[in-house]
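**Q** Taking the hints into account, I'd like the entire structure generated from these sequences.
Each residue of the sequence shown is one higher than the last, beginning at 191 in our numbering.
Possibly wrong hints are sitting among the right ones.
For lysine-lysine, the following DSSO-like pairs were computed, each having C-alpha atoms within a straight-line distance of at most 27 Å [what the hints assert, rightly or not]:
| hint | residue 1 | residue 2 |
| --- | --- | --- |
| 1 | K288 | K319 |
| 2 | K288 | K235 |
| 3 | K319 | K519 |
| 4 | K590 | K417 |
| 5 | K308 | K561 |
Quick list of simulated restraints, FRET-style, between CB atoms [to be verified]:
| hint | residue 1 | residue 2 | range |
| --- | --- | --- | --- |
| 6 | D303 | G489 | 35 to 41 Å |
| 7 | A571 | W381 | 34 to 40 Å |
| 8 | K364 | G318 | 16 to 22 Å |
| 9 | E340 | G436 | 27 to 33 Å |
| 10 | E379 | D565 | 27 to 33 Å |
Derived by calculation from the structure, the hints in this document are not laboratory data. Predicted model, so just to flag it, every value in this text is computed and none were measured. We treat Cβ as the ideally placed atom computed from N, Cα and C, and that holds for glycine.
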Amino acid sequence: MRKKILAMALAASMAVSLTACGGDGGSTGAGGGSGNVAITIFNSKSEIQDQFEEMAEEYSKAKGVDVEVYYSNDTVSAHLATRYSANDPYTIAMVDAKDVYSLAGEHAVDLSDQDWVKNTQYAISVDGKVVGFPVCVEARGVMYNADAIEGITGETFNPEDYKTLDAFQGLLDKLVAGGMEAPTGIMKEDWSLGAHYLCEVYEEQPDVDAFITALHGGTADLANNTKWNSMMDTFDTLKQYNYAAGSPVAAEREISEQKLAEGEIAFMFGGNWDWSMINAYDYSENMGMMPVPQNMDDGTNEKLVGGGSKYFFIDNSSNTSDEQRQAAKDFLNWLVFEDDGNAFLTEKCALVPAYSNINADALDPLSISVKKYADEGKLIANYDFFPDDHYSICGAAFQKYLAGQSDRAGFAAEIEKYWSSTTPVEH
Numbered sequence: 191m192r193k194k195i196l197a198m199a200l201a202a203s204m205a206v207s208l209t210a211c212g213g214d215g216g217s218t219g220a221g222g223g224s225g226n227v228a229i230t231i232f233n234s235k236s237e238i239q240d241q242f243e244e245m246a247e248e249y250s251k252a253k254g255v256d257v258e259v260y261y262s263n264d265t266v267s268a269h270l271a272t273r274y275s276a277n278d279p280y281t282i283a284m285v286d287a288k289d290v291y292s293l294a295g296e297h298a299v300d301l302s303d304q305d306w307v308k309n310t311q312y313a314i315s316v317d318g319k320v321v322g323f324p325v326c327v328e329a330r331g332v333m334y335n336a337d338a339i340e341g342i343t344g345e346t347f348n349p350e351d352y353k354t355l356d357a358f359q360g361l362l363d364k365l366v367a368g369g370m371e372a373p374t375g376i377m378k379e380d381w382s383l384g385a386h387y388l389c390e391v392y393e394e395q396p397d398v399d400a401f402i403t404a405l406h407g408g409t410a411d412l413a414n415n416t417k418w419n420s421m422m423d424t425f426d427t428l429k430q431y432n433y434a435a436g437s438p439v440a441a442e443r444e445i446s447e448q449k450l451a452e453g454e455i456a457f458m459f460g461g462n463w464d465w466s467m468i469n470a471y472d473y474s475e476n477m478g479m480m481p482v483p484q485n486m487d488d489g490t491n492e493k494l495v496g497g498g499s500k501y502f503f504i505d506n507s508s509n510t511s512d513e514q515r516q517a518a519k520d521f522l523n524w525l526v527f528e529d530d531g532n533a534f535l536t537e538k539c540a541l542v543p544a545y546s547n548i549n550a551d552a553l554d555p556l557s558i559s560v561k562k563y564a565d566e567g568k569l570i571a572n573y574d575f576f577p578d579d580h581y582s583i584c585g586a587a588f589q590k591y592l593a594g595q596s597d598r599a600g601f602a603a604e605i606e607k608y609w610s611s612t613t614p615v616e617h
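**A** Listed below in structure tokens is the structure:
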């Protein structure tokens, strides 16, 4: 099946290129020639685009509803703004939480009466109406390969024994002494550094909104912030033992994932979404996720960071028919209440379900860890209100630090400069 990659321009002066899309977004959309009701789905998780396309083909045959799935490399908000300005919205759009808050009031259908609402604690409501359908629960922390660790130490690996940086570094030294030349990997991508690792500095603050406000107002002293230095101490340790320390910004994600999967390295910061890449290799069964080790006593080194991740909303405009909206609701109910829909989420896409009724026995090792922490109430909440350019600008600054082109003080100054020159997202 063709892969739909839509590259959208942000400015009117730039060319807008659509590699595939259905006319007016109504009943004559993609696949409409069959006479079936046709719906379009925007997927913003690149790692599961192939699975979504396969599902769409199977669902279309089984349900008599023509489904087309699209993906874009642009930021979600910019891409959807282009679609709405062209009066060609998706029937169902997968967005981040902050996009639900910014778009729902104008563009989303009220889903409060849907049966799945009572089965999740992660749905998003705006103005008293449920508008965001949580696609999954995701969390981030340090991924580990226990088989690789135990093969060297000869001892059962218990991540709770390594929640402090001191203990963690001691283990890394033991692995090196045992023959694992470089026990860690670091993903150099700006989204991993800027949208995941750096964000934990904010999310672990006692009052995230107050901290962001202080950064914007120029009153936050990041270089002397306890959490900043704690997280950066850990990052420096990951850097020190990084297999690609000689050229860290040249490390390819696929290679890093393979090394972790096959036990050549033991640790790498990431999230349960990484399983979609790890499972392509000869992976170890005994893997999992643990909190970022820190020499802290505030409990944050006993929790992952995460929660509901990615949300569907259904278009409420005149460009979408009531028949299409009902088909869209039926699709969401299929995900939650039918075995095939459950299997698509948990087995095909390796996603942690956000719904209490969905059996999660078939989850992968990373997702099993996430579900365990979630069930125990050990998830630090995601902060969902970063400006769209945060991860690209701050991620680029983080890449400079990773490459040794700036020191910690210089990196902190770049982050402070970013926040003083941007406008925090209202919420």
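**Q** Compare the structure with each hint and give your call.
**A** Verification of the supplied hints:
The hinted pair formed by K288 and K319 meets the criterion: a straight-line CA distance of about 16 Å does not exceed 27 Å. Taking the CA atoms of K288 and K235, the gap is near 15 Å; set against the 27 Å cutoff, the hint holds. At roughly 15 Å between alpha-carbon atoms, K319 and K519 fall within 27 Å of each other, so this suggested pair holds. Taking the CA atoms of K590 and K417, the gap is about 21 Å. The hint holds against a cut of 27 Å.
Between K308 and K561, the direct Cα distance comes to roughly 19 Å. Compliance with the 27 Å bound is thereby established for this hinted pair. Distance hint check: the CB atoms of D303 and G489 are about 39 Å apart, consistent with the given range 35 to 41 Å. Range check, A571 to W381: about 19 Å between beta-carbon atoms, so the 34 to 40 Å window is missed. K364 and G318 have their C-beta atoms about 55 Å apart, which leaves the hinted 16 to 22 Å range violated.
Taking 27 to 33 Å as the suggested C-beta distance range, the pair E340 and G436 conforms, at roughly 28 Å. Take E379 and D565: their Cβ atoms lie about 30 Å apart, and the range 27 to 33 Å holds.
The structure fails to meet hints 7, 8 from the earlier list, while all remaining hints are met.
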